[in-house]
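> Below are the chains, spelled out letter by letter.
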Amino acid sequence: MAALTLGLRLPFLYPEALLPLLVLGLALAGGQRPLIAGLAGLGAGLLGADLLGEAATALSLGAGALAGAVLALKGPPLPGMLRHGMGFVLPALIMAALYHGGSASAPALMALGSMGVLAVTALLIAEIADLLLTRLPGPIPGLALRIAASWLAAILILMLAFVLADPVPGGAGA
Amino acid sequence: MTPALRPMARSLPLALPLMLLAAAAQAHTGAGHAGGFVSGFSHPILGWDHVVAMVAVGLWGAVLGKPAIWILPVVFPLVMAFGAALGILGVPLPAVETGIALSGVVLGLAVALAVRAPLPIAAVVVGVFAIFHGHAHGTELPAAANPLAYGVGFVLGTGLLHMAGIALGLLTAKPAGRIVVRLAGGLIAVVGGAFLAGIA
Numbered sequence: 002m003a004a005l006t007l008g009l010r011l012p013f014l015y016p017e018a019l020l021p022l023l024v025l026g027l028a029l030a031g032g033q034r035p036l037i038a039g040l041a042g043l044g045a046g047l048l049g050a051d052l053l054g055e056a057a058t059a060l061s062l063g064a065g066a067l068a069g070a071v072l073a074l075k076g077p078p079l080p081g082m083l084r085h086g087m088g089f090v091l092p093a094l095i096m097a098a099l100y101h102g103g104s105a106s107a108p109a110l111m112a113l114g115s116m117g118v119l120a121v122t123a124l125l126i127a128e129i130a131d132l133l134l135t136r137l138p139g140p141i142p143g144l145a146l147r148i149a150a151s152w153l154a155a156i157l158i159l160m161l162a163f164v165l166a167d168p169v170p171g172g173a174g175a
Numbered sequence: 004m005t006p007a008l009r010p011m012a013r014s015l016p017l018a019l020p021l022m023l024l025a026a027a028a029q030a031h032t033g034a035g036h037a038g039g040f041v042s043g044f045s046h047p048i049l050g051w052d053h054v055v056a057m058v059a060v061g062l063w064g065a066v067l068g069k070p071a072i073w074i075l076p077v078v079f080p081l082v083m084a085f086g087a088a089l090g091i092l093g094v095p096l097p098a099v100e101t102g103i104a105l106s107g108v109v110l111g112l113a114v115a116l117a118v119r120a121p122l123p124i125a126a127v128v129v130g131v132f133a134i135f136h137g138h139a140h141g142t143e144l145p146a147a148a149n150p151l152a153y154g155v156g157f158v159l160g161t162g163l164l165h166m167a168g169i170a171l172g173l174l175t176a177k178p179a180g181r182i183v184v185r186l187a188g189g190l191i192a193v194v195g196g197a198f199l200a201g202i203a
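From first to last, the protein sequence lines are chains Y and A.
Here my numbering = 1-based position in the first sequence + 1.
Here my numbering = 1-based position in the second sequence + 3.
Simulated from the structure, these hints should not be mistaken for laboratory data.
Where is the CB? At the ideal position from N, CA and C, for every residue including glycine.
You may find that some hints are simply not true.
What the hints assert, rightly or not - Here are some of the chain A residues that sit facing chain Y, going by a computed Cβ distance under 10 Å:
1) GLY43
2) ILE48
3) TRP51
4) VAL77
5) PHE79
6) LEU81
7) MET83
8) PHE85
9) ALA88
10) VAL155
11) PHE157
12) LEU159
Go ahead and model the full structure; you've got the sequences and the hints to work with.
Take a look at the structure:
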């Protein structure tokens with residue numbers, strides 16, 4: 002049970018997981034949810050975590066920044082292909098960033114907890130964004146979503162720079 | 004003293020100790036989450052050369068009208084963060100201080116003269132200057148800053164300055180407001196010129 006609880010908490014403890022997760026939720030707004038791509042991404046991320054190693058942190062931050070920038074510049078809803086692509090890549094890199102160096106030894110319940118909470122959180126953010134986009138009139142909700150994506154991307158760019166400048170444990174990526 | 008100022012005068016003795024306490028607290032901007040946030044937040048808003056340029060971007064957006072007024076707050080933080088990343092990574096950029104001072108002059112004049120540049124050109128001009136501003140922030144940041152807290156503070160500080168410029172720019176909806184905005188642009192150009200000439 003402790004493993005499950007830790008798995009549920011893990012994505013909220015690390016900015017390299019939390020920030021791209023917020024971007025993912027916003028990117029899924031306004032269109033069909035790529036559920037299969039997302040689940041495949043979570044599994045692929047767990048399996049490939051050791052392969053990516055420490056690079057997973059920078060990759061997760063970089064992919065989140067790129068996705069945020071694309072959403073900020075294009076605005077919601079994103080085209081289906083792009084949403085499916087992000088729906089696979091972002092969960093995979095977030096999962097890899099959380100479990101690199103220990104995916105083989107992590108308890109199954111812990112990994113399942115993280116996968117579940119990542120999926121639910123992304124869908125919840127997308128639902129809230131959808132609600133704002135459909136219920137509030139005028140261009141303001143769309144603009145607010147784009148500004149939020151832009152600011153998240155800017156924070157992710159800064160964090161990525163910190164990680165690349167100081168990739169040691171205890172630095173920005175720790 | 005006017006009647007409107009009397010309540011302010013009465014509350015001044017009460018406010019003074021609080022102001023002194025705030026100054027003492029502000030001195031502790033070291034490591035940790037709070038230090039990172041305060042450092043990131045204060046970087047964009049404590050330098051007049053940065054402040055006037057960022058406010059000018061919002062004002063110019065208002066002069067240009069829709070969609071520029073809304074596109075700028077979306078694009079500017081991204082480009083500025085990219086510039087800051089270059090600074091953090093130690094990528095050299097020539098004439099950063101000159102670029103920053105020049106941004107005040109150019110953007111200030113664009114507002115003062117109500118220059119209605121096409122959106123792509125305006126975006127490139129603003130984007131180039133954003134890289135200079137971001138680079139300066141990136142190279143000046145403290146080594147011990149918490150990255151997440153610093154990033155959040157930095158982006159919030161930048162965004163709020165931008166919003167202030169846009170809010171002021173909304174005055175352009177009225178004829179008298181347009182004069183105020185153009186005067187503000189002129190003032191910004193003068194401040195930028197003072198930095199460019201090295202007298203500020």
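> State for each hint whether it applies.
Status of each hint after checking the structure:
1. GLY43: holds (8 Å)
2. ILE48: violated (16 Å)
3. TRP51: Not OK, violated: A/TRP51 not within 10 Å of chain Y, min 23 Å.
4. VAL77: holds (5 Å)
5. PHE79: Holds, about 8 Å.
6. LEU81: Constraint on A/LEU81 satisfied, holds at 6 Å.
7. MET83: Interface hint status for A/MET83: holds (7 Å vs cutoff 10 Å).
8. PHE85: holds (6 Å)
9. ALA88: Holds. Min distance 4 Å.
10. VAL155: Check passed: Cβ of A/VAL155 comes within 6 Å of chain Y, closer than 10 Å.
11. PHE157: Result: holds, 6 Å to nearest chain Y Cβ.
12. LEU159: holds (8 Å)
When held up to the earlier numbered hints, the structure conflicts with 2, 3 and fits the remainder.
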